[in-house]
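Enquirer: Sequences and hints are given; from them, build the entire structure.
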Amino acid sequence: MPPPLLLVALAVGSAFLGTLGGLGGAMFLVPVLILAGVDPLLAVPLGAASVVAGSVAAGPAQLRSGLVHHRLGVSIEVVAATGAIVGAVVGDAVSDRVLTFLLAGIAILAAAMSARSSGQFYGPDPLHTAEQPGEWPGTLGGSYRLAGEVVPYHARRVPAGLSLMSIAGVISGLSGVGGGFLKVPVMGEVMQVPVKVAAATSTFTVGVTSAVSLIVYLRQGRVDLVAAAAIVLGAVVGGIGGTTLASRLAPTTTRRVVALLLAAVAVLLVVRQ
Amino acid sequence: MSEPGLGPRLVRRQVLVRVLVVITATLTFLAALTVVLPAPAEEPVAVATVAMLLAAPLLRIAWLGVRWWRLGDRRFAFVAAGLLGVVALAAVV
Chain A
1 MPPPLLLVAL AVGSAFLGTL GGLGGAMFLV PVLILAGVDP LLAVPLGAAS VVAGSVAAGP
61 AQLRSGLVHH RLGVSIEVVA ATGAIVGAVV GDAVSDRVLT FLLAGIAILA AAMSARSSGQ
121 FYGPDPLHTA EQPGEWPGTL GGSYRLAGEV VPYHARRVPA GLSLMSIAGV ISGLSGVGGG
181 FLKVPVMGEV MQVPVKVAAA TSTFTVGVTS AVSLIVYLRQ GRVDLVAAAA IVLGAVVGGI
241 GGTTLASRLA PTTTRRVVAL LLAAVAVLLV VRQ
Chain B
274 MSEPGLGPRL VRRQVLVRVL VVITATLTFL AALTVVLPAP AEEPVAVATV AMLLAAPLLR
334 IAWLGVRWWR LGDRRFAFVA AGLLGVVALA AVV
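The listed protein sequences correspond, in order, to chains A and B. The first sequence begins at 1 in this note's numbering and counts up by one. The second sequence begins at 274 in this note's numbering and counts up by one.
Everything labelled a hint here was simulated from the structure, so no lab data went into it. If a hint is listed, it holds; no wrong ones were tucked in.
Derived Cβ-Cβ restraints for the label pairs, each shown as a range: (1) B:Leu357 - A:Val158: 18 to 28 Å; (2) B:Val288 - A:Ala246: 24 to 34 Å; (3) B:Ala312 - A:Arg145: 43 to 53 Å; (4) A:Ala36 - B:Ala361: 31 to 41 Å; (5) B:Gly358 - A:Leu109: 26 to 36 Å; (6) B:Ala312 - A:Gly141: 46 to 56 Å; (7) B:Val295 - A:Gly37: 31 to 41 Å; (8) B:Leu362 - A:Thr252: 32 to 42 Å; (9) B:Leu344 - A:Ala36: 43 to 53 Å; (10) B:Ala361 - A:Thr253: 42 to 52 Å.
Think of the CB as a built atom: it goes at the ideal place given N, C-alpha and C, for glycine as much as any other residue.
Expert: Structure representation (structure tokens):
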């Protein structure tokens, strides 16, 4: 295992790039740790620790924005967290070589998903102008503010969305990445939740999925606690830096550059095998 | 004329925001302490860091479940309880 200060530096860089590209810190961290010589079975839990740290650190700002749909997030997590348990158990049983190829494939999939853009399905509704935006009790619907107007929405095709979320959970448990690159498009394009709400809700849910994976990894004895603490520090610092810079850059161009960089890391991972 | 106060929903959200800010600050402090402390003194701090890391999202779910139960939103309170059940399952797998 690299020394703690090097782990902090790797986590800062990965979280910084991941946040800039809207992918989350672990997407870069796990492949980079493997390239740095860390056993994939030990790198995956460190990725999960980075995801939980990023999710916890982003929590206050996203709660203030009122964009997180907690009822939707908790519903999604029942299936995604179950998938993560399955993924974490399976991941412990496969060889390092298979796990590395899986990680490279997931990184390329994430890069491709990140380079795409998502649509929007709702417009402002004058009937909701006076209401405080947020989630509606007892439902998977709510409203959010867009360009000064209140836009109502409601999650649709919930069974199909939940089925896909279980796959995102399995991938997260296998690879240690958050799975937000799948969750946001599934919420946006299958469940027709507005992209801003989907992105905020996903940041909350990936933290829960990865926390569940981390519990399984702990039981499997795959977590180096000192290394995990170093990664937590780097993930929080890099995530804050990435968020600050992201607001000043052109989002589409940045996302595409980061996606290309991630694809390059994935190819390097395969070539090294 | 006084400013309109925050609604009860926003006040409750502010409480959760403050709790999460404190958790993030403590988590960062513990993680930094782990990095600077020499071996073997860093071990118990690392354990505390990871324990806090795992507790943060679970506390948020528990808080939401209790809040929904009090609001009479029993269906989603049960969903939150179900999710905590899945977390418990992860601890015994």
